[in-house]
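Chain B is already provided as a structure; the job is to place chain P on it using the hints.
Read top to bottom, the protein sequences are chains B and P. Residue 104 in numbering that gives the first Met the number 0 sits at position 105 of the first sequence, and the numbers go up by one each step. Residue 278 in numbering that gives the first Met the number 0 sits at position 279 of the second sequence, and the numbers go up by one each step.
In short, the hints are calculated from the structure, not lab data. In this text, all values refer to a predicted model and were calculated from it rather than measured experimentally. Take these hints with a grain of salt, some might be off.
[Stated by the list, open to error] Example chain B residues on the side facing chain P (calculated, C-beta under 10 Å, incomplete):
id: 1; residue: N246
id: 2; residue: I406
id: 3; residue: T412
[Said to hold, decoys possible] Below are the DSS-like pairs computed for lysine-lysine, each with C-alpha atoms no more than 30 Å apart in a straight line:
id: 4; chain 1: P; residue 1: K181; chain 2: B; residue 2: K415
id: 5; chain 1: P; residue 1: K333; chain 2: B; residue 2: K499
id: 6; chain 1: B; residue 1: K226; chain 2: B; residue 2: K72
id: 7; chain 1: B; residue 1: K560; chain 2: P; residue 2: K132
id: 8; chain 1: B; residue 1: K113; chain 2: B; residue 2: K283
id: 9; chain 1: P; residue 1: K125; chain 2: B; residue 2: K495
id: 10; chain 1: B; residue 1: K495; chain 2: P; residue 2: K132
id: 11; chain 1: P; residue 1: K250; chain 2: B; residue 2: K415
id: 12; chain 1: P; residue 1: K278; chain 2: B; residue 2: K560
id: 13; chain 1: P; residue 1: K132; chain 2: B; residue 2: K283
id: 14; chain 1: P; residue 1: K56; chain 2: B; residue 2: K489
id: 15; chain 1: B; residue 1: K456; chain 2: B; residue 2: K283
id: 16; chain 1: B; residue 1: K415; chain 2: P; residue 2: K116
id: 17; chain 1: B; residue 1: K283; chain 2: P; residue 2: K9
id: 18; chain 1: P; residue 1: K250; chain 2: B; residue 2: K283
id: 19; chain 1: P; residue 1: K9; chain 2: B; residue 2: K415
id: 20; chain 1: B; residue 1: K109; chain 2: B; residue 2: K128
id: 21; chain 1: B; residue 1: K482; chain 2: P; residue 2: K125
id: 22; chain 1: P; residue 1: K250; chain 2: B; residue 2: K286
id: 23; chain 1: B; residue 1: K13; chain 2: B; residue 2: K174
id: 24; chain 1: B; residue 1: K495; chain 2: P; residue 2: K9
id: 25; chain 1: P; residue 1: K92; chain 2: B; residue 2: K499
id: 26; chain 1: P; residue 1: K9; chain 2: B; residue 2: K455
id: 27; chain 1: B; residue 1: K489; chain 2: P; residue 2: K125
id: 28; chain 1: P; residue 1: K116; chain 2: B; residue 2: K560
id: 29; chain 1: B; residue 1: K485; chain 2: P; residue 2: K125
id: 30; chain 1: B; residue 1: K286; chain 2: P; residue 2: K132
[Unchecked claim] Rough simulated footprint, nothing fancy, chain B against chain P, three-plus residues with beta-carbon under 8 Å:
id: 31; region: 90–100
id: 32; region: 142–155
id: 33; region: 212–226
The beta carbon of each residue, even a glycine, is placed where N, CA and C say it ideally should be.
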Amino acid sequence: MEVLEKKNKNKRYKPILDGIPDWPVYQLSRNRKEFIEEVAQKSFERILQLRPTRKQLLDELQTTVYREQQRMKRNRWRVDPKDEPRFWAQIKESVNALSARADDNSGEEKELLKQIVTRYANEIAGNFKPSSYKLAREITTFWFNRLLNAARVKKFGAIFRSQYTLRDKIQIVGKVKQLRRLARRGTIVMVPTHFSNLDSVLIGWVIHALGLPAFIYGAGLNLFNIKIFAYFMNSLGAYKVDRRKKNLPYLETLKTYSTLAIQKGAHSLFFPGGTRSRSGAIEKSLKLGLLSTCIEAQRNLYLETPPDEEPRKIFVVPVTLNYHFVLEAPDLIEEYLTVKGQDRYLPEQDKYGSFQLIRFLIKFFSKGSNISVSIGKALDVMGNYVDDEGNSIDNQGRLINTRDYFISNGHITIDKQREDEYTRMLGQRIVAEYHRINRVFASHLVAFVAFELWQKKHPKLDLFGLLKLPEEDLVLEYAEFRKACKRVRKHIYRLKEEGKINHATHLKGKIDLVIRHGMENVGIFHLKRPLLFNKEGNIITQDLSLLYYYHNRLTGYDLEKII
Amino acid sequence: MTSKKLSDEKPVGVIGAGNFGSAVANLLAVHRNVLLYARDEKTIERILSKRENRGHKMKKNITPVNDLEQLARECDVIFPIVPSAHFRSMMRKLSPHLHPYHILIHGTKGFDITLPKGQTIETIAKLNRTHVKTMSEVIREESVAVRVGCLAGPNLSKELAAKHPAATVVASHFNEVISLGKRLLRNDRFQVYGNNDLTGVELAGVLKNIIAIASGALTGMGYGENARGLLISRGIVEMIYLGRALGGNTKAFLGLAGVGDLVTTCSSSLSRNFQVGYKLAQGMTLQEILDSMDEVAEGVNTVRIARKCADYYGVRAPITTTLYKVLFEDLTVKQALQYLMRYPLNVDIDFLD
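So here's chain B without its partners, still in its complex pose (with noise of 0.2 Å):
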């Protein structure tokens, strides 16, 4: 028996903008050259008032130059250039050859380093293409619809009607209707949880759901290697974030991509997390380098205003997105237990290639698997809610005018210190926000309270320990699982009331039923499952891992303590 998700509100929302060629995305697009010079000749300013002198900037060339050509050696993917070895191979020469010459003041140095950082600008720009975008979003909608259809109707024939759509499988929830108004005033940042390389497509079909015009974002050029993932992106006006890359060219470049963008308008999303969450567990720190520039553009915007005009806000909004089950579950935790302890570069592999890719949606469609994005209130570059004209809030209820952070001895002043330490803050408050607003499914609690119970039975073991223990040993009695169940949710109860985390509705009703639902969702796709129960109706595990994985999600509460 299926526990009923309630009756789904989700609606049909108007576009905010009538035509493709209002929107601040394919404005951008149109001008795609001239942005693309102002990037380049930004960031190569930039460089150079980090780098001032002759020997800084070649010493920064040379370490360029040293890395791009390891990353060449070591880790070259389907989408690199094929003319990068010549490319780099040619910089490398002309700086050896430059810095032979001690008493040389040609500039030359400049001129190689815009050569870099224009290269590095067109490939991180996106190229949004109205024609190709609509095709997309048709492609996507009307094959969601007819597979969801055939799969729920379970008869061929209803692949052809319309009685689901992708409305009633994927929930959206929050505060949708502010940020459309937003969308409207201001700029917005848009800043989800990561968990599963499907997290772009499903956010790209979100925005448009909502009614907003498409957003830019900063993709892991790895997905462009995954072919069907290329075509969306490219089409949605994703830009390009290569993480391989971490030299000072490439991570100025591709900031001043962000600000630029961001101060014309157009709307932003990124992933704050960097990668997709290893461990299972909502971000707890994120990557500040992108963040900082929405406050970078706020702050260039109110400096570049006029007195007498307020400038465009610019207002960030934390995005939770809450899932049953995450196809690369298995690796990702993988990868997290191998390198725990250890701060070192994560490889990117993607072994799901688009086949996999369509089994997996076929399947999501054909099961009671739902996902539920939640939308944030909407913050200002400092973290302060803001209210629906855009308003900052403070928590005392009174406005605060953005530009008065920016205000030293009452002048607007660029202060790289202080935007950094801001730019912590802001990630912190995100971070509040997404344990807030994330949405609790009985598959997560049921994952949360197993992993548990079985680490409170062996107390002396460490987490590694734990998961060495033979999977046939652990068993647990469904009475026991049961009442820690009721407790664990009781608590969810009293937090949500307290305003510091959601649940789906799904989770209040019966607790047997509830029990059952996650149960049987947990992890539902994978080929060994996190929970089951054997025969006698009481709980067992296939893969411990997986379980610790998925029972990730609900750490950072404190429930462990009420186990």
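Only chain P this time, still in chain B's reference frame:
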């Protein structure tokens, strides 16, 4: 950055006309005009008519005021220096007038504590960082000010007034606040250091008061420098353990705000906290001592709070717990000392890994 002359700029605000507040106002007045907020009308009149407050000769360019709104309007930089017990209520009154451009550097060495209704530090089951806040955290919670810092270090008000050489630490997450603090406070008798570990520096300043009381007690018993050396070195270890549990880093405790301030307050009869311990050893009761003082000894409350927190975080704090028994139960200083001397912990340094 523009380099206007400091005296041309807006005045600096000081909230709290106590001993330390008056001393800081005088330090600031070297560079800029100062508005000094006092709650008490009489204090204002006295400063206006006699240019004197709590034994400090007040500089001419210090204007005493009674209006927080005026202070916030005229000053971008404010130094709140009021006892921790009144800090939050003061912030609530000041907060409506603050904007994000305000910079606040406080000089209060105590904890703020918020308990559920009807509970006391003694009755509550667990006391942890959700109840116990540093002053900068109170500022952040109660107002929109984000550029916040603190002053800490060996700054005995009377010595500052007498212009003896001294130094202080300005701690803040913002370099802007640190360099401003330096520009505003520094003079040829007063050195200013910067530190980015705001919480660590605040905790060091607060926790050292515990050890200061203990040191006063030792002196009151008539013991000499060996005993003090023992106390100070064991004291710093205890401060570091407590401080780390409460969210600070070891480093802050080894600097001016930690060791520097500790050595000073442990050796000086000018310190109020030292006086509490001293008088205890002389046989006065805590109530008698507190009644005899004109200003708050922050350390007394800090002992209550730190002991309870040590329980929650599982930190060994023998000096704090024993001192608590002397202050609030009927252990005598002599018994306490006997107990501590038999305490079975004898690793010298174990916090530097």
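Restraint check for K415 of chain B with K116 of chain P, where alpha carbons must lie at most 30 Å apart: The hint is violated at about 43 Å.
Hinted contact N246 of chain B with chain P - closest CB pair below 10 Å: Violated, because the Cβ-Cβ distance from N246 of chain B to chain P comes to roughly 26 Å (cut-off 10 Å).
Chain P contact restraint for I406 of chain B - C-beta distance below 10 Å: With a minimum Cβ separation of about 4 Å from chain P (threshold 10 Å), the hint on I406 of chain B holds.
Hinted pair K132 of chain P and K283 of chain B, Cα distance within 30 Å: 22 Å, holds
30 Å Cα cutoff - pair K250 of chain P, K415 of chain B: Roughly 25 Å separates the two Cα atoms, so the pair holds.
Distance restraint between K125 of chain P and K495 of chain B, which requires alpha-carbon spacing of 30 Å or less: 23 Å, holds
Satisfaction of hint between K9 of chain P and K283 of chain B, Cα-Cα up to 30 Å: The hint is violated at about 41 Å.
Given hint K132 of chain P paired with K286 of chain B - CA-CA distance at most 30 Å: The hint holds at about 28 Å.
Proposed proximity, K283 of chain B with K250 of chain P (alpha carbon, max 30 Å): Status holds; Cα separation ~25 Å.
Pair hint outcome, K9 of chain P versus K455 of chain B [Cα-Cα no greater than 30 Å]: Roughly 61 Å separates the two Cα atoms, so the pair is violated.
Holds or violated: K495 of chain B to K132 of chain P, with C-alpha atoms at most 30 Å apart: 25 Å, holds
Distance restraint between K278 of chain P and K560 of chain B, which requires alpha-carbon spacing of 30 Å or less: 44 Å, violated
The structure fails to meet hints 1, 5, 8, 12, 14, 16, 17, 20, 24, 26 and 33 from the earlier list, while all remaining hints are met.
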